[in-house]
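Quick note, the sequence shown lines up with residues 48 to 239 if you use this note's numbering.
To be clear, the hints were calculated from the coordinates, so they are not data collected in a lab.
It is possible that some hints are incorrect.
Unchecked claim - Just the calculated beta-carbon pair ranges, DEER-fashion:
| id | residue 1 | residue 2 | range |
| --- | --- | --- | --- |
| 1 | E67 | Y192 | 54 to 62 Å |
| 2 | T189 | D77 | 48 to 56 Å |
| 3 | T146 | Y192 | 44 to 52 Å |
| 4 | G163 | R107 | 45 to 53 Å |
| 5 | F184 | L92 | 46 to 54 Å |
| 6 | E67 | T137 | 49 to 57 Å |
| 7 | A208 | T109 | 44 to 52 Å |
The model shown is predicted, which means the values in this text are computed figures rather than measured ones.
Heads up, the beta-carbon is just placed ideally off N, CA and C, and yes, glycines get one too.
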Amino acid sequence: LIAGLFIGIMCFTGTILAFEHEIVAWSERDARQVAAPTDTARLSLDDLQRKLRETQPEFRSTSIVLLKDPAAAVAFTAGRDDSVFANPYTGEVMRPASTRVHDFMHVMIDWHRVLGRTGEQRAIGKLINGICNLAFFALAVTGLYLWMPRTWSWRGVKAVALLNFKSSGLARDFNWHNAIGLWSAPILIVLT
Numbered sequence: 048l049i050a051g052l053f054i055g056i057m058c059f060t061g062t063i064l065a066f067e068h069e070i071v072a073w074s075e076r077d078a079r080q081v082a083a084p085t086d087t088a089r090l091s092l093d094d095l096q097r098k099l100r101e102t103q104p105e106f107r108s109t110s111i112v113l114l115k116d117p118a119a120a121v122a123f124t125a126g127r128d129d130s131v132f133a134n135p136y137t138g139e140v141m142r143p144a145s146t147r148v149h150d151f152m153h154v155m156i157d158w159h160r161v162l163g164r165t166g167e168q169r170a171i172g173k174l175i176n177g178i179c180n181l182a183f184f185a186l187a188v189t190g191l192y193l194w195m196p197r198t199w200s201w202r203g204v205k206a207v208a209l210l211n212f213k214s215s216g217l218a219r220d221f222n223w224h225n226a227i228g229l230w231s232a233p234i235l236i237v238l239t
């Protein structure tokens, strides 16, 4: 049960982090999307870089992201966290109006990896997460063993491997736990 609390935190934060790029792109759409004119050609990358240096002289770009979408701004990034966007038609340099979602994702990463610990306590959070991951792995592996039918007949395998929609109450709960666990355990073992 104690490991389940930390496993739940890792599952929740991991699910959010699986969609990090999409969520951040959605929250920064004010800077990432431009009105694509039909009669104006795109500026060259050299022109865009020159305009970026004029407006943001302290910004040192390490990569450029170009998307095929004509309404997408050109992204200039410096490291993992700093990005500016340039309108490919006018050269206007933009930053997102809000970085709260981006900052929230950093909090999710900290909770996912080290339980939100900072400084010297990061190692403790990482150790707790590691121990709970091992416990989750042990639960999944031993669950596979426990779910094996006592007799290897079609009736025994069917009782464990398939959902029974006709049963009710505790019998239904037991069957669904076994069937869902049996099919989920290999995936969970790989993930842990």
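Checked hints:
no. : hint                    : in the structure
1   : E67 - Y192: 54 to 62 Å  : violated, 36 Å
2   : T189 - D77: 48 to 56 Å  : holds, 50 Å
3   : T146 - Y192: 44 to 52 Å : holds, 48 Å
4   : G163 - R107: 45 to 53 Å : violated, 31 Å
5   : F184 - L92: 46 to 54 Å  : holds, 48 Å
6   : E67 - T137: 49 to 57 Å  : violated, 29 Å
7   : A208 - T109: 44 to 52 Å : holds, 51 Å
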